[in-house]
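J.: Spelled out from the first residue to the last, the chains are:
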Amino acid sequence: MSDAANPASPAASNNGARSIHTVDARTKKRNASEKRFKYYGIAAIATGVFFLVVLLGSILWNGVSAFQQTYLEVPVYLDPERLDRENPSSATTFTYNPLIAEAVWERAQELGFGDEFEDEGGMSPLISASAAAIIRDRVIANPDLIGETIDVRILAGSRVDGYLKGRVDRDSASRDRNIDVAHLELVDAMQENGSIRKVFNWDFITGTDASESRAEQAGIGVAMLGSFFMMLVVLGLSLPIGVATSIYLEEFAPKNKFTDLIEVNISNLAAVPSIVFGILGLAVFIQFMHLPQSAPLVGGLVLTLMTLPTIIISTRASLQSVPPSIRAAALGVGASKMQSVFHHVLPLALPGILTGTIIGLAQALGETAPLLLIGMVGYIATNYPDGIASGFLDPNSAMPAQIYEWAKRADPAYYERAWGGIIILLVFLFAMNAIAILLRRRFERRW
Amino acid sequence: MPTSWLVLIVLALAAVGYVLGRQRALSGAGGDNRKLHSLPSYYGSNVAMKVAVPALIALAAWLILQPLAVETTIRADLAEEAERSERPISLVMSDVRRVANGLDTAIERGVITRERAANMRTEFTDVRERLAEAGVALGSAVNSNVLEAAQRYRGFSAIGDIARTSFVLLLAVGGFLYALRESTPDFRARNTVETGVRYLLITAACIAILTTIGIILSLVFNTIEFFRVYPATEFFFSTTWSPSFGGGSELGILPLLWGTFYISLIALLVAVPIGLFAAVYLSEYASKKVRGVAKPAIEILAGIPTIVYGLFALLTVGPLLLSVFGDGGLGWMRAGTAVMTAGLVMGIMLIPFVSSLSDDIINAVPQSMRDGSYGLGATKSETIKQVILPAALPGIVGAILLAASRAIGETMIVVLGAGAAARISGNPFEAMTTVTAKIVSQLTGDADFQSPEALVAFALGMTLFVITLGLNVFALYIVRKYREQYE
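Chains A and B, in that order, give the protein sequences.
In terms of our numbering, the first sequence is residues 17 to 463.
In terms of our numbering, the second sequence is residues 1497 to 1983.
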């Protein structure tokens, strides 16, 4: 770029005395393009981060409301004429429904809504279909309550819940067959009066799934247990198998065709789409071996096969990071090859192995596609497993499968549940990843 | 005897064996462990290993093989019944299984006695009614052939169970006695145990091969079955996809492949420029501080489960696009689920995948090449464009191919975000569907597994497997070849 020394240069001939401090057009262009290129990079990063923020934002924005639920608080008179004190389980929920509706209607009359609603029949949109069963269970547990007036907190209907959360408004209610604008007026009055309240929704976290029409009752608790049992299977199988495979490949395997075959298989399995593992599970575990459908055991087996490559790859990396001097020292003081590996190399590699395992488990916890094929979707998880064996073998759902199930249902009240379920799932994933990072920070050794 | 008990007994025997083997070796050496060939614990482990390993392997193999053996025997007798009722033999077989399980449940609940279950005749008893009392619901009345087969099924299973228990126990006790006898001070216990452990390690390593074999067999057999009931040329070359469970479906893969490639293309158009520029910026421009924040932030996107992206597509991106391109806006879009929705969200999912792979590859370009370029007076961006990217090109192409194979195999985003209509169209705002989405929809219904409508899912899976495997092998080949260049 030494234009001054070159009299033939066009720049020099055009304006004879040019300072190197004035930037010529070509340099300007080059600098501008340099800047532009850098801004493209910044823009790409910004876009990536923007997408992340939008994604997390929309999860929180849509999902937080699932952790609150609307309840009605009314005194219910347990009429001894309609309920049998001697045999409390003889009364079905059909007997309880009018009792609750009457109690709510009474409250409506107190609030001056007697004209709009002529009898208790108009109250049903306000009350969840599950309310009767809750009170019935309470009465069966304690028959002495019959004849008394008890203060109960019962689930409000899903439209009322939607109204308090802004999902339903007067405009949409006027088009809705399930609720009228008058009901919303009553809800406003009851909310002012304190008999309708939003409270923290423990039942969402611990509860069972509900049928399509009872969105207000659905919870993710049983699916969470299903995921838990699945993760036990994955941990119990993939950790020993993965570690054994890695030890063999890193420490013992001779260099031959067979070892190559194993290596090729592992790297290919890591890239097989997860849905193909679902097909494998369906064909081998369910059609061929006749294991029960929708069981966490089968889900766990499929996810084990899927996470094995992840665990093997990370275990091998941490075995490789143990310096050869450790092995040499162990062999030097008379340990056998097996002893040097199991007594010295493996304990030193353990933190890395655990980190990799936790990350593999986190991946398995969020995986949905293979579970669709072995029937964990479509099963409505309404029962808690009764024990350990039933936890593994009885049909259940899993967290991601439950979220998918809710996302497919027509009632928009379920969308809120699906987002809420995602928050719970992500909390688990972040916790697992945080533990993995902490483990790595705490125990990582630089040799 | 239930299997769990059997396992517990074998394990208990192994624990006892450990203690006794250790003691026997020590007492043989007069309590002085310097006279032993190996450490005492190896003698114990030797016994425990010889008790547990053969017995448990035999148990597992038996558990898998017995139902198969019983079924093949029963199935042979059912051909006549299948012909008479004009139903496929697999359906009759599942009836038999259901009745047999029903009888088991009925006995367990005390509705009928064991002898009664074995001698029941359809002429005298309404089996369906009796089983209904026990809470077992059967679809249709049970005829005598099915009942007899079910009784024989139960008989064989019972014999098998007894044989299994005795065989496994025999094996465990045999191993126990044999290993205990060899626990003398001269016995090379450590070498034996280490050889055993070594074989266990090899067995574990073989599970990867078994999984691949399992995948290939389950795909191949069912695909062959499918091509037996549906012509292969129709499947590969027909442009209509309209399954109907009543029969007469047209199952052409072309519209599904088109949808798959269209969505993947859009995803790559989003992910590749963003991911690549992000990688270039992070590896060449960013200060250590920025890199420390931005890289993990982008990688969070990779840790988010695909169901979350699916829901994001269905409930956030879809309605958003609809409000811009739908009837209220430009009028190109009719519903929230479309190729664009799924492609865009899948692109977001792939950004960290492209960026971290390219980052590795760019970092692998030797510093000397950068220094040479700077020395000639090139600016940073000129160095990147003219030196680094051409040098890293094969690796980046490999990374893009890996991302493409991810996009083709992705399921949840397209199941929730792309719609269900199979069509070939150029409009990215129309709903289309993919191979993976149809695998899910064909296998999650109540269809009979032997119908072409369900079997087609395996042929789709096979196609998917072959495509993604081919892409991966090719991509890894490119990446490996490139890496060798600078090593």
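Honestly, the hints are just simulated from the structure, not real lab data.
All values reported here derive from a predicted model rather than from experimental measurement.
Do not take every clue at face value.
[What the hints assert, rightly or not] Derived list of chain A stretches under chain B, where covered just means 3 residues or more per stretch with a C-beta under 8 Å from a C-beta of chain B:
(1) 271-285
(2) 416-424
(3) 437-448
No residue lacks a Cβ here, since even glycine has one placed at the ideal position from N, Cα and C.
J.: Next, verify each hint and record whether it holds.
T.: Results of checking the hints against the structure:
1. 271-285: With 7 residues close enough to chain B, the hint holds.
2. 416-424: That given contact holds, which follows from 4 residues of the stretch 416-424 of chain A lying within Cβ reach (below 8 Å) of chain B.
3. 437-448: holds (count 4)
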